[in-house]
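**Student:** Here is what each chain is made of, one letter per residue.
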Amino acid sequence: MPTVRLRDASEYPEPARKLFGLARSWFNHEFKEPAAMSRVMAWDLEFGGPHGRAMKRAMGPGEFTRAEKEMVAAVVSGVNACSY
Amino acid sequence: MVGITNALNVVADGLAAAPGGGALLPPVDEATADPQLAGLFAEIRAFYARPDVPAVFRVAARDPGYAADLWAATRRAFADQRLARRLKEALAFAVSLTTRSAFGTPFHLGEMRRLGVTDRGVLEVVGVTQTFSSYTKIADTLQLESDMHDIAPVDDSPAPGGPRP
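Protein chains in written order, with this note's numbering: chain A, 1 to 84; chain B, 1 to 165.
Chain B extracted, bound-state conformation:
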């Protein structure tokens, strides 16, 4: 989920919405899109409960096969599984805020709110993001060596769907 969030942000911030308004790589226009994209676009709109397809997926849609796989990975990462989608959007918001993503920060904030997170919940995530952005910089600046790794037992849980070793 962290990886795919960053992947979407990199393209959205870098190509889909260049400073000054234009796009360096124009997204596919939904109205004139290849008919083979109709199902994919409908699924994306339904997943996010919005009337349009976010530009990042429409940039990818310049190659329909790539867009389909990117979307399948995104949907898999964000769908309700052991972790709820509401929490995953909060994590993606924290990732986007930390990496100063102009696309990801408002996008995932909007998703958090749509999934029921209130102002209080948003501020909780902002607070954690802010305090740990402080701790991490202090630790890096002073080159502190990790001494917290043994405060909990090693978790040998497999990745979702994977076999237990």
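Just chain A, same shape as in the assembly:
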């Protein structure tokens, strides 16, 4: 159970909801509620905004494809024993 109360999308101001739309496009998936991580990152847009942009920069296709980078992300999450 999360150690903090995650706000519903409707509780966030408009700029944060815009971030949720970007996350929906990134994952190409219609979430019932924005993913928990998106809602956490939207608490402070001055942190979550650049953090998310850094992630997208890192995950975009380059010398490695997006799919290959998803594998890198998966193994990093795995060795960090992160079930999220």
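If you're looking for bench data, these hints aren't it; they were derived computationally from the structure. A hint or two may mislead.
Calculated pairs, DSBU-like style, for lysine-lysine (alpha carbon to alpha carbon, straight line, at most 30 Å) [said to hold, decoys possible]:
no., chain 1, residue 1, chain 2, residue 2
1, A, Lys32, A, Lys18
2, A, Lys18, B, Lys137
3, B, Lys137, A, Lys32
4, B, Lys137, A, Lys56
Add chain B to chain A, keeping to what the hints say.
**Tutor:** This is chain B only, laid out in the frame that chain A set:
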């Protein structure tokens, strides 16, 4: 591949190269090694295109039979198959960097470069490793429950070589 990478790192970091230079369990000396290790060592040198056998395999070589099986598993995990060796080395580099392996990080970085990954490619892997090391810690600290598992269909592909259910 993740498992064998960690397995090699654990022994290399813990035994083969102790802080201060010495080894807690000295690797077999290639020059004076048991002749039955010659073929194994030659294969390892060829696989990594280097003149020496990495110390982690020479520690294992204190038991030649164990070393042969460890090497067979390592070679199988890292050889080109459905995933290219270049990508597997990138994954092993990410695993080693994340687990702060003093052996694995430079070893797999060297392999990535040898297989043609440029500075840009290395930084891409570093970027993904860094950002997901952030996300995972945030998720763990806040004990977030996974809500991303249904964004893609279940993949029932078998393990390499295995039968499809």
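**Student:** List, from low to high, the hint numbers that the structure doesn't satisfy.
**Tutor:** none
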